[in-house]
Structure formats: structure tokens, C-alpha cells
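Each chain is listed here by its residues.
There are 2 protein chains.
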Amino acid sequence: MISPAERFELLTDLYELTMAASYFENSMVEPATFSLFIRNYPHGRSYFVAAGLEQFLDYVANFHFSESDLAYLDRTGLFSDDFLEYLKTMRFTGSIYGLAEGEVFFVDEPILEVTAPIIEAQILETFVINTASLQSMIATKAARCVHAARGRRLVDFSLRRSQGIDAGLKVARSTYIAGFVATSNVLAGKLYGIPISGTMAHSYISSFGDEIEAFRAFARSFPKKTILLIDTYDTVAGARKAAIVGQEMAKEGHKLLGVRLDSGDMTLLSQQVRNVLDEAGLRDVEIFASSGFDEYKIARTLKEDARIDAFGVGTKMGVSADAPYFDMAYKLVQYGERPIMKLSTGKVNLAGEKQVFRKTDHQGQFLEDIIGTRNETIEAACPLLEPVMQDGKLLRKHPSLEEIRERFRKNFAALDEKYKTLDGAHLYPVKLSARLSALQETASG
Amino acid sequence: MISPAERFELLTDLYELTMAASYFENSMVEPATFSLFIRNYPHGRSYFVAAGLEQFLDYVANFHFSESDLAYLDRTGLFSDDFLEYLKTMRFTGSIYGLAEGEVFFVDEPILEVTAPIIEAQILETFVINTASLQSMIATKAARCVHAARGRRLVDFSLRRSQGIDAGLKVARSTYIAGFVATSNVLAGKLYGIPISGTMAHSYISSFGDEIEAFRAFARSFPKKTILLIDTYDTVAGARKAAIVGQEMAKEGHKLLGVRLDSGDMTLLSQQVRNVLDEAGLRDVEIFASSGFDEYKIARTLKEDARIDAFGVGTKMGVSADAPYFDMAYKLVQYGERPIMKLSTGKVNLAGEKQVFRKTDHQGQFLEDIIGTRNETIEAACPLLEPVMQDGKLLRKHPSLEEIRERFRKNFAALDEKYKTLDGAHLYPVKLSARLSALQETASG
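Chains as they are written, first to last, in the working numbering: chain A, 958 to 1402; chain B, 958 to 1402.
Check before you lean on any hint, since a few could be wrong.
Claimed, not checked - Taking lysine-lysine and the DSSO-like style, the derived pairs with C-alpha atoms no more than 30 Å apart in a straight line are:
(1) A:Lys1045 with B:Lys1182
(2) B:Lys1045 with A:Lys1045
(3) A:Lys1147 with B:Lys1045
(4) A:Lys1147 with A:Lys1350
Just so you know, the hints here were simulated from the structure itself, not pulled from any lab data. Bear in mind that the values here come from a model prediction, so they are computed numbers and not experimental data.
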């Protein structure tokens, strides 16, 4: 979502630039390492799903201030000519370790570590948190929905109430990573190749005034793609009309794909509608439901034996309504040779350059994670952070969205069911290595 | 935030396009009116603040599908050549009535009514809800914060955890409308002319290792703009060091502007820090605070006699955490000559083209609102919806952001205090006119 015409180097908190100016004037040029991690589990969460690395790496790889950015900074009167001259040619020259998109991770585990001259590393803070926290938050929320749906298909319907344009696109991408099968967001289809889905709203039915005529008109327009919205007046009566249209379509060699419920008691209505369809010989016409669903409502309706084949999941998922922000931080953990720990009340971080190691059993199921120092080796454990950028250059092509999606699928399958409950009751074990623990003792604030 | 290079006509739910195709094939060309409104008060709210009209009107005025959009739609295999040919030259040719940005409004009141051939009006649905609901939600949240702060200055610090790039910019703009004095978001400063604010993070202090040396270095770099972050190690000890630096700055003819608290007990620490500063003769050095503030925490700390002069308001405001979405809907209310009401469970809307009338007392204080039909006149009441677009052309220049901000200030002052409580206990009276009530009786579903 970053166009060449629209640059986002200034999409940053002013203090990143004032600090940078002061580092510059104080000749602070040593390499610094910053670490990106989540400080605690929000409501009900017990795991996270990584997303957003691609957007961040593209940003870093192309980082430079435009002429108009520099002219604006000059107009603020805050910055010296020397510093502005420095910004003019500044590029990112450092290294980045990152957790692949689609990986499952846990509290305190770094998902990104940036090492670069302190100005270059500092100045990325606002953007990296903005992009990674939204996408990981939504991928996590979507994973919870997918798990709750126990095999039913989920479609992202959240665009209208996602928090802005960029969020709408990132939500579509993040939900697809986590196993949603499609999105209603057409631009996400165009940009990311995600399958798109959708048929009609109530306004369509209302504009005809006659429900069955509206159904017939739609079936004529889209004989291969018809899902009829049946709750504009009375859902069960709507189902009967849909059944008639389904039978008419069958006579012409077409097939009604499904009906959609969008209001009322989803469990009861889905059962009633299933009966109507079955009695009309339309056993393979599916029931779609789309009324305020999130992981909790999906789980509840399925537990009540709702007859729903696919869910349109909208607003509450798209803004992660029960946990609409993650406490993600990007903290200085090393400057020059000095490991650094922040000590402010309630905001401690782990000093030093780190690596996350994961132990799995012989079937690949996750056993525990160990946060260690960057360069140690831990027996029978696999390092998760990969070098993705060196000397300011990307070290590899981005994986495709399908590859990321597949990585998530395998990863999530390897996480024990007990860590996937919606109340987050069981916490996956994450330890510190002996070396990392020892390093904390020597770290300064 | 809409660049010429990046078009958002496809930032829409697929069903807007499938419905449009079916309207097209069924020769449904009569004018339709859609109405944008909020269905209910989210948690604690009892008023809303309108924002987002400018972004929507710019979108509509420039609406057209690009070649690459049409090529993508063609590749989906869903649409006929005739319909794609129609989309190619489609522009918005209709009329729009809108509530000015910065106006206060209430549940059920239309803030926008779009009248156009049904395809043109339908196809705007997803975008208008996306843009107007986010901006009105944040302007409303920000107004609550401003009211709770009772005159203290508020700065938007939310960028890092706002839900994406677009949200970060819209939050900065919406909070400024509602009376925030500045933002940390540099790009919002560049694009909208909003004052920008910020000085340093903990990483700055940590990178020096010695707190007072970090303070001195910053004061050298920004002698006219220094606000020192004093909680990296121990807040009160940090305040003592800041006081020393403040005295040093005074000797050199400069002035320490303030100190910032970012963790711990805000009330107690602010009182202790105030004492430290006062005893050092630094009575005019201000105390800034920025630790998880929203309207509730602002109100609570001020009630406890916190000595805070200005608040950095971040995450919880920037995502409207206690109400992260508004139930805003865009509903068909008239097609041709036929007023239309939607009857689905719990989702009734008011049929017909409407106007919102506001009665005020002789001092301009709001008395009550009346939702009426578009063309009636209500004695001693002022119509709020203004014609903003006709035949697809904008009828006026957009007001400046400062004008919008001033409109909000006046508007909000005219709303009685009892409707501004944080628990939303008192609801402002909104009635239907006799004519609009009568119309509902005749409306069809």
C-alpha cells in the first residue's frame, strides 16, 4: 500500500527526528540494536501470529526523505542545515533479523531486531510499530476465528468499519494469512490476489420492492455466483422464496450456491432455513451467516448446533474489538558494546541482541521456546529469527502470500490445542537462556 | 490521503459491484437516496462529532475506474463487457446533502444523504462508511478527552498504535478538529498544517547512559524546545536532574519548557515533581504526562489533583479503545418516488429524504433536534444538512481545518454540560417531525 507518489518517511513521531538531530549533533554514530516485541497478552490471547514484515522491509529498503519532506522539516525551524543535509542522503545501511510472517510467537519474544547506526535504527520506530502491531493483531484475531470455526469457511467482511483505508487492506491480507478463504475487499483482491466474495445487500432487495423478483433478477445476472440475502423482511419466508428460485435455477442447469442470514437468532434461523432448503431438495445449497460474528459468537453458535457453512466475519474482527491494540514496543537493547535495559515502572525489556529458539517433539509439535542471546546455540532447538537485511540490502525475495499462509497453517497445527482456547487460560512456556539471563545482570538502564 | 497515483474505487465490498451489475442489466436507473447515520450510542457516548466529509467529497468528485481496475474486474470473470464498458465512463452525477465537519450530531440523524442513479449511489457505500465512521469516532473520542481535560492542552501521541497509516493521519486531523493543540505525527503536520510536538524517548536517555548528560545534550540541541523525559530510571530523581539542567539553561538565557512523565502513578508523581521544580525556582516549567491516557484517566487524575499541564494522549484514544467501531449505516431510503424502510431485526431505518433541524435558545444553546422530511420548514429551527454537491459538482470550497475546528468549538459550547458526561447518562432530545412520522407509515420495506 505504499505508492511511489506517496512517501511515508514523515509518518513518524516528531521525537524520532528531534532525537536523531541530537544524536547527529553529539556525533553518536555507534551501532544500536532495537528490538520489537509485545509486552503482555491482551484480553484472552495466549499466542500471536506474525504479520507485517514485508511492508516494513519494503519501507526500510526504500527509505529516503523527499525534497518536499525536507522542505517541510526546514519550515518547522527545528532543524539545522547540517542535519537536513545529512537527512537528504540518509539511507538505511544496517541489518535486520526478523520472524517470518505466519509464524506463531509469544510475549517478550523479539519478532524483529534492527541493528544500525543509532539514527537509522531510531527513526524507524513509529512506522514499524504501526505496521507490525496492526497486522499481527489482526492475524491473531483471525486465527482465533478460524480455530473457533472448526473447518467452516470464513470470509473477511470488515472493510466498511476497519479503521481507514490502509487498515482495510491490511486486514484483508492478515486474515488471509490466518486461513480466511476470501475477502469482500475488491482492492485487496487486485493488490494481493486474494479471492473476493460477495453478492448483495438489503438495498438491492428493497430497490426491487418484491423479494422473489429481486432474487430472480440476481440469479439471471449471476447464474454461477448466486447467494441470496434472505432476511430483508422475514428470514424463513425469505428462505422459502430462495428455495423456489433455487429450484428454478436447477431447471435451467444452474445451481444456487447459498443463502445468507444477516440478522436475528443465528442458531435458530439457520436450523429453520436448513429445513426449508432440505425439504425443497436443496441439500447442497449452503447457509452463510454474517451478523456481528467474532471468535466468541462463532464458537457459541456452533456449540448450539447452528447449521452454518460459512461465516462473513466483519467489524468486530476487523478492529479486533475486544483487544483493539497490542502493547508492542520497539526498544533500544544495545548501544555500541553496551547491552541496555529499560527500567521504567512496568516497562522492563530484555537487554542485548537476541534469538528465539523453539523446541519441538519428534512430530514437530511445539514444546517450549527459549529466548537466548543472538549468537548462542541451544541444543535441539531451532532459531526462529532469520537475517532478512544486511548492509541495507534485502537478503531474499519476499515469500508469496500463499507461502505465508501455508507457513501459518503448519505452524498453528503444531501448537497444542490447550494454548488455543479463547480465554487464553494456558500459557505456552517461554524461558530465558542462561546466557541471556546472565546478560541482564550486567545490563545498564 | 488520496494520491493521484493510488485510486480507491476498488476499495469496496464486491457486492456493491455485483449489485451494480445487476441494476445495470435490469435497467434500474431511477434516482435513489441513501442516508448515512449511526444506529445507536456506543459505550458511554451521548453525542457524536461529524468528521470526514471532505475526504468523502474529494473521493466522489474524482470517482472513476482506472484502466488497471477495469482490467482486474474483467479478470474476475464476474462481469459482462457491457457493464465494464459502462463502468469505464461512469462518473458521479448526483447530489449530496451533508452535515458540516465539526458539527455535533446524535443517533439516527442523517449526516449525509446521497441522491443519484442507484448504481452511482450504491457503489459509494463501503468507502463512505469507512471514511466517515473512523473520523467521526475519533473526533467524538477526542472531544470527550478535551472536555475531561478542563482546559489542559492535549497532544495526539497515537500514531504508533493507530490502525494503519491512513488511520494515523485521520486521527491527527480528527483530534485537531476536536480541540487537541498538536500531534506527534510529522506527516499530519506537513499535509494538514497541524502543529507538531515531541522531544525524546527513553532510548535517547539510555543511549547516553547518564541521564543528566542526556538532558544537557538535548538542551544544547534544542535550547528553545526542550521537554525532558524524566522517568527512565527514577522519576523524582530525574526531576531533580531536570531542575539542574533547567537552572543551567536559565543562566544561558534559555528556558526549559517542561518535563514529561511516562510511567507510574501520575497523580503522586506529578505532585512530587511539581514540588521539585517549584523549589528549584522553576515554577513556569510545565509538567507533561503521557501514560495510557484517555478521557477516563484524564478525568480521574485531575480529580485527584494531579499537577499536569498537558497530556500526550495516545493508543486508547487513537483506536477509540472502549468503543472501537461505530454502528454507522448507509441505507437506501428512497428509490424513485418510493420511500423505503428496512425492517430486518433490530435494523430499522427512517424512510425518505430527510433534514435535521436544531432548535436553540436565544443564547444559541441547543434545545432539541427534529428529524424531518427534506423539504419541510420547522418554525424556529435551523436546518443542518447543507447541499454540498449537485450534478456531480462540488458546490463550495472545503472549509479550512481551522474553520472546522472553530465550528466544533462553538458547537460543543452550545451543548449543555449534562450531555457531556463520560457515562452518557443523559440523552439529548431528538424527535421526528409529524411529516416524517407520517411518511414512515406509508414506506415499504
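So which hints don't hold here, by number, going up? Of the numbered hints, just 2 does not hold.
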